[in-house]
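One line per chain: the protein sequences are V and Y, in this order.
Residue 100 in the numbering used here sits at position 100 of the first sequence, with consecutive numbering throughout.
For the numbering used here, add 232 to where a residue sits in the second sequence, where the first one is 1.
Since the hints were derived computationally from the structure, they do not count as laboratory data.
Please note that the accuracy of each hint is not assured.
[As the list claims (entries may be wrong)] Simulated crosslink set (SDA-like; lysine to any residue; CA at most 25 Å straight-line): (1) Y:Lys290 / V:Lys51; (2) V:Lys202 / Y:Ala318; (3) Y:Lys290 / Y:Asp326; (4) Y:Lys293 / Y:Asn336; (5) Y:Lys451 / V:Lys219; (6) Y:Lys451 / V:Leu205; (7) Y:Lys290 / V:Asp204; (8) V:Lys202 / Y:Ile317; (9) Y:Lys290 / Y:Arg319; (10) V:Lys219 / V:Pro195; (11) V:Lys51 / Y:Pro397; (12) V:Lys51 / Y:Lys451; (13) V:Lys202 / V:Thr36; (14) Y:Lys451 / V:Ile151; (15) V:Lys202 / V:Asp149; (16) Y:Lys283 / Y:Gly335; (17) Y:Lys434 / V:Ile151; (18) Y:Lys283 / Y:Ser300; (19) V:Lys219 / Y:Val254; (20) V:Lys202 / Y:Ser300.
2 protein chains.
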Amino acid sequence: MTILRSPRLADGTARGIPDATVARLPVYLRALNALTEQGVGSCSSIELAEKAGVNPAKLRKDLSYLGSYGTRGVGYDVEYLRYQIAREMGQTQDWEVVIVGIGNLGSALSAYQGFSTRGIRVAALVDADPQRVGSTVSGLTVSSLDDLDAIVADRSISIGVIATPGDAAQQVADRLVAAGVTSILNFAPALVQVPDGVDVRKVDLSVELQILAYHEQRKTGTDSKEPKVSNA
Amino acid sequence: MTILRSPRLADGTARGIPDATVARLPVYLRALNALTEQGVGSCSSIELAEKAGVNPAKLRKDLSYLGSYGTRGVGYDVEYLRYQIAREMGQTQDWEVVIVGIGNLGSALSAYQGFSTRGIRVAALVDADPQRVGSTVSGLTVSSLDDLDAIVADRSISIGVIATPGDAAQQVADRLVAAGVTSILNFAPALVQVPDGVDVRKVDLSVELQILAYHEQRKTGTDSKEPKVSNA
DNA sequence: AAGAGTTTGTGAACGCGTTAACAAAATCGA
DNA sequence: TCGATTTTGTTAACGCGTTCACAAACTCTT
Numbered sequence: 001m002t003i004l005r006s007p008r009l010a011d012g013t014a015r016g017i018p019d020a021t022v023a024r025l026p027v028y029l030r031a032l033n034a035l036t037e038q039g040v041g042s043c044s045s046i047e048l049a050e051k052a053g054v055n056p057a058k059l060r061k062d063l064s065y066l067g068s069y070g071t072r073g074v075g076y077d078v079e080y081l082r083y084q085i086a087r088e089m090g091q092t093q094d095w096e097v098v099i100v101g102i103g104n105l106g107s108a109l110s111a112y113q114g115f116s117t118r119g120i121r122v123a124a125l126v127d128a129d130p131q132r133v134g135s136t137v138s139g140l141t142v143s144s145l146d147d148l149d150a151i152v153a154d155r156s157i158s159i160g161v162i163a164t165p166g167d168a169a170q171q172v173a174d175r176l177v178a179a180g181v182t183s184i185l186n187f188a189p190a191l192v193q194v195p196d197g198v199d200v201r202k203v204d205l206s207v208e209l210q211i212l213a214y215h216e217q218r219k220t221g222t223d224s225k226e227p228k229v230s231n232a
Numbered sequence: 233m234t235i236l237r238s239p240r241l242a243d244g245t246a247r248g249i250p251d252a253t254v255a256r257l258p259v260y261l262r263a264l265n266a267l268t269e270q271g272v273g274s275c276s277s278i279e280l281a282e283k284a285g286v287n288p289a290k291l292r293k294d295l296s297y298l299g300s301y302g303t304r305g306v307g308y309d310v311e312y313l314r315y316q317i318a319r320e321m322g323q324t325q326d327w328e329v330v331i332v333g334i335g336n337l338g339s340a341l342s343a344y345q346g347f348s349t350r351g352i353r354v355a356a357l358v359d360a361d362p363q364r365v366g367s368t369v370s371g372l373t374v375s376s377l378d379d380l381d382a383i384v385a386d387r388s389i390s391i392g393v394i395a396t397p398g399d400a401a402q403q404v405a406d407r408l409v410a411a412g413v414t415s416i417l418n419f420a421p422a423l424v425q426v427p428d429g430v431d432v433r434k435v436d437l438s439v440e441l442q443i444l445a446y447h448e449q450r451k452t453g454t455d456s457k458e459p460k461v462s463n464a
């Protein structure tokens with residue numbers, strides 16, 4: 001489970017963007033796309049920050065890691081900034097991903113519209129269940145898990161998505177890594193161990209709801225001495 | 233968008249658990265459940281931390297916010313600790329949620345097995361599309377968005393899930409809040425604004441993949457001067 | 001009963017991320 | 001041209017979270 005620390009600046013260009021910033025850049029990108037669609041040509045950090053739901057100072061600091069793409073006294077050129085962020089995020093190319101586990105969630109992911117416009121393309125679907133293999137989901141034929149190596153190699157896929165039950169996750173991760181995948185998005189409710197050099201991100205649906213339930217409990221709970229929290 | 237700061241300790245009991253800790257408690261819970269199933273009666277912080285994928289010191293500090301439920305020189309009683317965390321997380325009751333937007337993702341969520349064992353129950357499905365209203369998904373009849381108020385009131389639902397396209401998200405959030413929902417899990421690729429007192433968590437599928445793509449780009453990119461990163 | 005060995009709970013140091021505050025740099029108007 | 005205004009880029013302070021390190025507390029063996 002590599003963490004990929006990088007904020008130390010290298011020799012020449014100011015490389016190495018903090019993880020927290022990297023996680024927000026796609027949000028800025030989405031806001032800039034929306035502005036482009038509205039025909040807005042330029043904007044200030046305050047406007048953009050509002051649309052992205054962050055503090056303006058944070059936005060400016062984030063952008064400063066990429067370079068100086070704004071103009072003092074004026075703001076940012078929407079199209080120029082959008083391109084710079086997209087380039088930094090690697091969106092000048094399309095990243096092909098393979099989804100493993102074509103149950104309800106895997107099917108939903110393969111049909112998800114939001115990927116295509118963001119440099120992500122679902123290139124292959126894989127399942128271990130023979131009954132599912134050969135069927136068509138979202139225009140793609142589901143392949144057997146046994147063919148994973150060939151599929152990853154043929155299309156030089158480097159990103160895999162695990163959408164299997166929890167007890168299959170580790171096994172699937174092992175096969176993805178063996179096939180050459182070096183980044184994994186794990187939706188299964190289980191930890192997966194991977195060798196150094198492989199990135200794993202985890203999205204856990206029930207954990208998110210449990211966190212909400214915790215806060216909910218505290219709201220309806222004992223103390224209402226803090227009526228509604230002044231947030232001005 | 234309330235942030236719910238609470239780490240300041242109140243009067244009597246040590247209330248107020250840091251957000252980062254709250255986010256990890258469900259993970260510990262899952263690990264403890266696995267241990268119970270394996271018939272393990274007690275464990276050390278090192279063992280549990282390993283199963284949860286965190287640093288042992290972090291685990292102990294997290295648990296210390298709840299109280300002193302371990303025994304020095306011995307470890308933690310699995311069942312006892314599991315109960316204490318579950319109680320703190322509000323899992324002694326079932327939290328009913330309504331899912332809005334029964335497309336691919338909404339259907340997948342309503343069929344998700346992992347919720348039931350974690351104090352979450354999908355109690356109602358709602359969609360704006362008349363063609364979907366009345367159909368049965370995962371054993372539940374899809375209701376009209378117009379009936380949201382009655383549904384939320386009848387079952388005293390306090391948690392809503394938005395699984396609509398991005399451009400419908402704000403409108404749905406408004407209606408959820410108006411109906412009385414005070415916690416929202418938003419899967420739509422859009423920011424939603426809510427009044428104080430309402431919690432929103434956001435899960436963005438394409439953002440997760442874009443973050444992976446960024447790291448992937450840097451791996452295959454320029455510098456291979458850091459061959460595989462010693463992680464010992 | 002006492003010492004050796006374990007393991008928790010926590011105080012303290014450290015590091016990252018956020019935010020405020022301001023100087024630098026651009027535009028605009030007179 | 002020069003001052004007023006706007007807005008970026010950046011430095012510095014602050015706060016939260018993580019991790020180390022160790023004392024306190026428990027068990028076990030002799």
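If you check each hint against the structure, which ones fail?
Hints 1, 3, 4, 5, 6, 10, 12, 13, 16, 17, 20 are the ones this structure does not satisfy, whereas the remaining hints hold.
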